[in-house]
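Residue numbers (the numbering used here), protein chains in the order written: chain A, 1 to 205; chain B, 1001 to 1118.
A hint or two may mislead.
Said to hold, decoys possible - Straight line, CA to CA, 27 Å or less: simulated BS3-like cross-link-like pairs of lysine-lysine:
| no. | chain 1 | residue 1 | chain 2 | residue 2 |
| --- | --- | --- | --- | --- |
| 1 | B | K1015 | A | K179 |
| 2 | A | K7 | B | K1005 |
| 3 | A | K173 | A | K184 |
| 4 | B | K1015 | A | K20 |
| 5 | A | K179 | B | K1044 |
| 6 | B | K1005 | A | K20 |
| 7 | A | K113 | B | K1005 |
| 8 | B | K1005 | A | K184 |
| 9 | A | K20 | B | K1037 |
| 10 | B | K1044 | A | K105 |
| 11 | B | K1044 | A | K20 |
No lab work stands behind these hints: they were computed from the structure.
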Amino acid sequence: MKGIIGKKIGMTSVFEPNGKQTAVTIIEAGPCVVLQKKSVDTDGYDALQIGFGEAKEKNTPKALLNHFAKANATPKAVVKELRNCSIDKQVGESLTCEIFTEGEKVNVVGISKGKGFQGVVKRHGFSGVGEASHGQHDRQRAPGSIGGSSYPSRVFKGMRMAGRMGGDQVKVKALRVVKVFADKNYILVTGSVPGHNGSIVLIQN
Amino acid sequence: MEAVKYIHEQLTVNKEIPTFKAGDNVTVNYKIIEGAKERIQSFKGDVLKRQGTGFTATFTVRKISDGIGVERVFPLFSPNIDSIVLNKTGRVRRAKLFYLRERFGKSARIKEKKQVQK
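Just chain B, with the same shape it has in the complex:
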C-alpha cells in the first residue's frame, strides 16, 4: 500500500477539491480536447454516489437533460477536471441515491440542507 501511495504522491496533481457527498448539487467543469483546441464543458447535477478511496476514487453525477436522465462518472483526481463547484448541499439519508433513477419530477427533488449560522 505504501508503494501505491508513493506513486500517486509523485504522479497525481493535487488540486483543491471541495468536500461534497451524495445528494449535493455540483457543477463539474470538464476539459474537452478537440484536436489542438481545448474547451471547458460543464456538467451540473446531483451527486448520486461517491465510490472508492484514495487517488482512484470516482463520483457519479446525475442530471435531467431534455427529460432524459443522464449520468456521468468522473474520476475525482482526473487532470481533465478543471474545477468542481459545490452549488447546494442536500439533506439525504443514504450514501448511494440509486432510488432517484426510478423517480422524476417532484419526487426526485432533494431538500437543501440549511446551514446553521454561527
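Isolated chain A, as found in the complex:
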C-alpha cells in the first residue's frame, strides 16, 4: 500500500486523448513528510506516519513539536498513518504526488459533507409509504412500520430512522488518476471525492 495526504481543491472536466470529456477532481496532494516509521518489533504493527499542511508553532502542543523536531520537520496540521506501507522512505524525507502515475487506480478517503437532520428517504433510500391519492396524505416520505405491536413489542436496535446524515468517513474506490502535475502537487482523479472543497483527503491504493 502507498498513500499521500491531500486537500480537495474542486472539480472541473478535462478532455482525454480520445476526445472524451471526463469529470475530474483536483487534489493538492503533498508534499508530506515522513515523521515516524513504526515496526512490529517496537510498536506491534508496521506503519509509516506522514504529516501534511503547515500548523502554527504556538498552537501545537509541546509533545507534538518535539515529535516533529525528531524528523527535522515544521509543525504539521494533519498527521496520518499508512499501515503496511510499501513506500521506502526514511524519517524526515518528503513524499510527493509523484508516487502515483497516470492511469493508476486509487482509493480516496475523506469526510463527507454534513447534510443535517434528514428523513429516511434521503438517509437510507426508503421509498416512502403509500400514494398521493386514495385518501392518503402526509405519508409520501414516511418510514412506515417500525415493528410489531404484541410481538416483539419493542423497536429493534439499529432500526433505520431519520437523523443526522453526512460527516462520516467515506472511501471511494477505484478512481483513475488522469494526470499528475508534479510542479504544483496537483493530482486529477476521475469523478467526485467526499467532502467540501478544502477538506483533507487521503489518496491510497
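With chain A held as given, fit chain B onto it using these hints.
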C-alpha cells in the same frame, strides 16, 4: 479557481475560435473516429445558446433536418472540433433562443445583422 485555470492552461489545446453568440449561423466541422479512420462531419445551423464559462463552456446548434429539428451540444474546447465557421451574424434580442423550438418555417427565421461599412 487558480488551480482549475492552471490545469486547463496545461491540458487544453488553444485553438482559434471565432466570436459568435446566440442567433448566429455557424458550421461546426466535427471529427468522427471510426475505428482507425477519421473523417470530418459538418453540422450547420443556428446557435441556440452559449452556456458556461471558461474551458468547460458549451454551445448548442439547431438545424432543421428533413423537416425535423435537430439540436446538438458541442463543448467549445473539444479536441474533436476541427473548426467552427461563422456564416452569418443574426439580429436577436435574447441570449437563449428557446422560442425557436416552437416555431418552424418563416417564423423561425433569424434576421441577419448588417455590418456597417467603415
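Hint-by-hint comparison with the structure:
1. Restraint check for B/K1015 and A/K179: the C-alpha separation of about 22 Å stays at or below 27 Å, so the hint holds.
2. Restraint check for A/K7 and B/K1005: the C-alpha separation of about 17 Å stays at or below 27 Å, so the hint holds.
3. Under the criterion of a C-alpha separation no larger than 27 Å, the hint pairing A/K173 with A/K184 is consistent with the structure, at around 25 Å.
4. At roughly 17 Å between alpha-carbon atoms, B/K1015 and A/K20 fall within 27 Å of each other, so this suggested pair holds.
5. At most 27 Å may separate the alpha-carbon atoms for a hinted pair to count; A/K179 and B/K1044 exceed this at roughly 35 Å.
6. Annotation: proposed proximity of B/K1005 to A/K20 holds, straight-line Cα distance about 20 Å (limit 27 Å).
7. About 25 Å separates the Cα atoms of A/K113 and B/K1005, which keeps this hinted pair within 27 Å; it holds.
8. With a C-alpha separation of about 12 Å, the suggested pairing of B/K1005 with A/K184 holds against the 27 Å cut-off.
9. A hinted pair counts as satisfied when its Cα atoms are at most 27 Å apart, and A/K20 with B/K1037 qualifies at roughly 17 Å.
10. Proposed proximity of B/K1044 and A/K105 is contradicted: the alpha carbons are some 41 Å apart, above 27 Å.
11. At most 27 Å may separate the alpha-carbon atoms for a hinted pair to count; B/K1044 and A/K20 meet this at roughly 22 Å.
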